[in-house]
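Chains as they are written, first to last, in numbering that gives the first Met the number 0: chain F, 0 to 348; chain G, 0 to 348.
In short, the hints are calculated from the structure, not lab data. The C-beta atom is built at its ideal place from N, Cα and C for all residues, glycine as well. Hints may contain errors.
[As the list claims (entries may be wrong)] Per label pair, the in silico range of CB-to-CB distance: (1) F/H40 to G/H261: 21 to 29 Å; (2) G/G309 to F/G293: 41 to 49 Å; (3) F/A334 to G/E72: 49 to 57 Å; (4) G/R166 to F/V86: 47 to 55 Å; (5) F/P248 to G/E47: 22 to 30 Å; (6) G/V247 to F/F202: 53 to 61 Å; (7) F/E224 to G/V247: 34 to 42 Å; (8) F/Q236 to G/N335: 46 to 54 Å; (9) G/N335 to F/P259: 38 to 46 Å.
[To be verified] Here are the simulated EDC-like pairs of lysine to aspartate or glutamate, each with C-alpha atoms no more than 16 Å apart in a straight line: (10) G/K231 to G/D171; (11) G/K284 to F/D14; (12) F/K164 to G/E285; (13) G/K284 to G/D252; (14) G/K96 to G/E84; (15) F/K139 to F/E54; (16) F/K237 to F/D171; (17) G/K53 to G/D74; (18) F/K284 to G/E70.
[To be verified] Some chain F residues flagged as far from chain G (calculated, every beta-carbon gap over 12 Å): (19) W8; (20) L136; (21) V247; (22) R260; (23) V266; (24) G268; (25) N335.
For reference, the chains in residue letters:
There are 2 protein chains.
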Amino acid sequence: MRAAVMRDWQLRVDDVPDPTPGPGQVLTKVLACGICGSDLHMLQHGAEVRSMMKEINGDAPPDPMSPKSFEPEHDTVMGHEFCCEVVDLGPGVENLKVGDVVVSMPVAFDAAGLHAVGYSNQYNGGYAELMVLNEMLGMKVPSGLPAHMAALTEPLAVGIHAVAKSRIAKGDAAIVIGAGPVGLACIAELRMQGIGPIVVADFSAKRRELAALLGADEVVDPRVETAIDAWKRIDGQKPLVIFEAVGVPGMIDQTMRIAPRHARVLVVGACMQSDHIFPMLGIGKELTIQFALGYEPHEFANSLTAIAEGKIDLSPWLTGTVPVDGVPQAFADLANPEQHAKILVVPGS
Amino acid sequence: MRAAVMRDWQLRVDDVPDPTPGPGQVLTKVLACGICGSDLHMLQHGAEVRSMMKEINGDAPPDPMSPKSFEPEHDTVMGHEFCCEVVDLGPGVENLKVGDVVVSMPVAFDAAGLHAVGYSNQYNGGYAELMVLNEMLGMKVPSGLPAHMAALTEPLAVGIHAVAKSRIAKGDAAIVIGAGPVGLACIAELRMQGIGPIVVADFSAKRRELAALLGADEVVDPRVETAIDAWKRIDGQKPLVIFEAVGVPGMIDQTMRIAPRHARVLVVGACMQSDHIFPMLGIGKELTIQFALGYEPHEFANSLTAIAEGKIDLSPWLTGTVPVDGVPQAFADLANPEQHAKILVVPGS
């Protein structure tokens with residue numbers, strides 16, 4: 000099959016062997032798979048992060064409950080935001096049948112343990128024509144829900160989790176710094192939770208437009224007005240949660256500087272380098288900094304339900320589709336925020 | 000009166016004019032006043048912190064609800080952990096009388112606004128023979144409670160607040176990094192809340208001994224065993240809150256490195272310099288970092304009650320007394336953790 004392959008931190012399209020489902024697993028064809036910013040980060044900073052984690056963890060044995068990590072010198076097919084159609088059943092599969100359309104948390108398990116689908120040398124992700132999923136984790140997509148919308152289950156779940164972790168409640172206000180895919184997911188969930196006002200800051204006009212379509216009450220260009228000034232202008236009273244969804248060095252410090260007393264900062268932007276802060280800023284204002292990653296199984300399920308019920312129109316989030324052969328160009332295109340938010344890989348498109 | 004005076008970031012003992020109570024205020028004589036690590040920090044790093052805060056705040060007007068700051072070129076008499084006896088009444092005082100023994104949050108107010116007692120050019124703190132307090136904030140010390148114990152109301156309140164901010168609950172475990180006065184206050188409050196195990200790390204044998212007397216279940220010398228290893232040895236299961244009560248650069252990073260997944264870090268050590276962190280450590284483990292400062296009025300009141308009721312024996316915390324003229328030497332002595340934890344200034348002693 001065709002697949003976009005990462006090898007030695009380079010991305011290329013190649014023919015690779017078709018995967019084979021084991022016991023309790025199904026073979027699926029990929030209908031749609033979103034390209035995630037984490038995969039762009041992984042190509043750029045993966046080597047650096049690996050050596051940093053190695054330095055930090057020393058000789059400690061890996062956590063047996065964590066999925067096995069990939070070896071960069073071997074092939075890895077990324078893509079963890081997928082919607083697939085079942086095309087063949089492995090031994091012992093009882094509840095899924097050929098033709099079912101499913102989404103799944105990007106995790107696979109077998110006799111060897113857990114694997115992170117999309118960051119594994121064994122289990123390829125959705126930047127390919129076929130992939131293997133565990134029946135037990137497959138969630139059937141309600142009929143009538145298009146595959147390209149169902150593929151947003153995973154990225155929306157990241158926003159659902161971040162918002163839940165922040166413990167934001169009705170009566171609170173939110174600022175979202177950065178309207179990339181993670182920021183947009185937070186905005187959509189905040190809107191679904193009835194939080195307001197939601198103030199969003201992004202340098203890109205296109206991203207601000209998307210933020211407004213997904214539920215932001217106020218969008219600002221930080222060169223013209225800061226998020227905190229905009230919040231003071233339209234509210235300035237409610238308890239405030241600030242979502243840091245940029246993830247580059249200096250952003251946590253900036254967020255701590257603008258935060259009012261007792262604000263909560265939810266860090267969901269994944270800064271992969273060393274960073275600096277002034278602890279006295281946090282102490283003086285008694286800030287809370289909460290870091291968030293991923294989602295829980297129930298949040299993933301709730302995400303699919305929210306999309307299926309049409310609680311919010313996520314279609315503006317989708318800005319393009321490419322075939323498998325177009326993945327490397329799509330990675331390059333995503334660097335321009337004026338052009339794209341979420342590109343879906345649709346094999347055969 | 001005699002007073003230990005800070006002027007141009009130097010501490011000296013001098014004769015200064017007696018203070019005069021205004022409307023709603025009382026004149027008191029200081030019975031005992033604890034020397035706080037913040038005052039040592041203020042002498043060492045005050046100039047640095049002021050210029051940092053100036054750079055951060057820019058030309059923003061001061062918060063009208065914050066107490067006015069002192070000018071370093073004028074006299075400041077520090078000391079905010081005091082227990083006093085009323086010796087004269089200002090106009091309109093109705094509820095306090097001469098001879099009452101009181102503690103008070105270190106705040107004063109008058110027609111000019113709020114003042115931080117002990118960090119004010121107008122209202123001297125307790126490193127002096129006399130001080131002025133607002134009647135409204137005075138809490139009567141129950142008869143029979145010695146002044147030197149009542150003077151621990153303020154530092155214990157810092158621990159009560161930090162523990163409350165951490166949202167630690169029965170069934171959780173605690174690590175306290177650093178058994179200086181703030182760490183000791185946290186340990187005492189954790190013990191009063193029935194939290195266990197409480198694991199404490201400090202390089203000083205004397206401090207570890209005090210930590211054990213105040214309620215630590217396990218004390219470790221980090222050169223021999225780390226706090227996290229000790230916790231794993233005796234528990235390793237319960238949700239964990241780590242109290243960072245050291246407050247020097249690098250401690251937040253170290254705490255993030257040792258923290259298990261989903262741990263909460265409560266930063267109560269006041270690091271006054273720039274610091275570094277690795278955000279990916281926080282993200283990967285979904286840590287919460289909560290900064291805490293000071294206390295609320297009800298926590299201050301609860302602190303006095305806890306001491307009066309003898310819920311816990313805080314007497315090991317007190318390691319010495321000095322007269323006002325001995326304050327500069329006491330500041331120097333406190334640099335040696337083997338010698339002292341809390342020195343009380345007792346005028347006339």
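Hint check:
no.: 1; hint: F/H40 to G/H261: 21 to 29 Å; verdict: holds (23 Å)
no.: 2; hint: G/G309 to F/G293: 41 to 49 Å; verdict: holds (48 Å)
no.: 3; hint: F/A334 to G/E72: 49 to 57 Å; verdict: holds (53 Å)
no.: 4; hint: G/R166 to F/V86: 47 to 55 Å; verdict: holds (49 Å)
no.: 5; hint: F/P248 to G/E47: 22 to 30 Å; verdict: holds (23 Å)
no.: 6; hint: G/V247 to F/F202: 53 to 61 Å; verdict: violated (36 Å)
no.: 7; hint: F/E224 to G/V247: 34 to 42 Å; verdict: holds (38 Å)
no.: 8; hint: F/Q236 to G/N335: 46 to 54 Å; verdict: holds (49 Å)
no.: 9; hint: G/N335 to F/P259: 38 to 46 Å; verdict: holds (40 Å)
no.: 10; hint: G/K231 to G/D171; verdict: holds (14 Å)
no.: 11; hint: G/K284 to F/D14; verdict: violated (36 Å)
no.: 12; hint: F/K164 to G/E285; verdict: holds (9 Å)
no.: 13; hint: G/K284 to G/D252; verdict: holds (13 Å)
no.: 14; hint: G/K96 to G/E84; verdict: holds (10 Å)
no.: 15; hint: F/K139 to F/E54; verdict: violated (42 Å)
no.: 16; hint: F/K237 to F/D171; verdict: holds (5 Å)
no.: 17; hint: G/K53 to G/D74; verdict: violated (21 Å)
no.: 18; hint: F/K284 to G/E70; verdict: violated (22 Å)
no.: 19; hint: W8; verdict: holds (17 Å)
no.: 20; hint: L136; verdict: holds (21 Å)
no.: 21; hint: V247; verdict: violated (10 Å)
no.: 22; hint: R260; verdict: violated (9 Å)
no.: 23; hint: V266; verdict: violated (6 Å)
no.: 24; hint: G268; verdict: violated (8 Å)
no.: 25; hint: N335; verdict: holds (25 Å)
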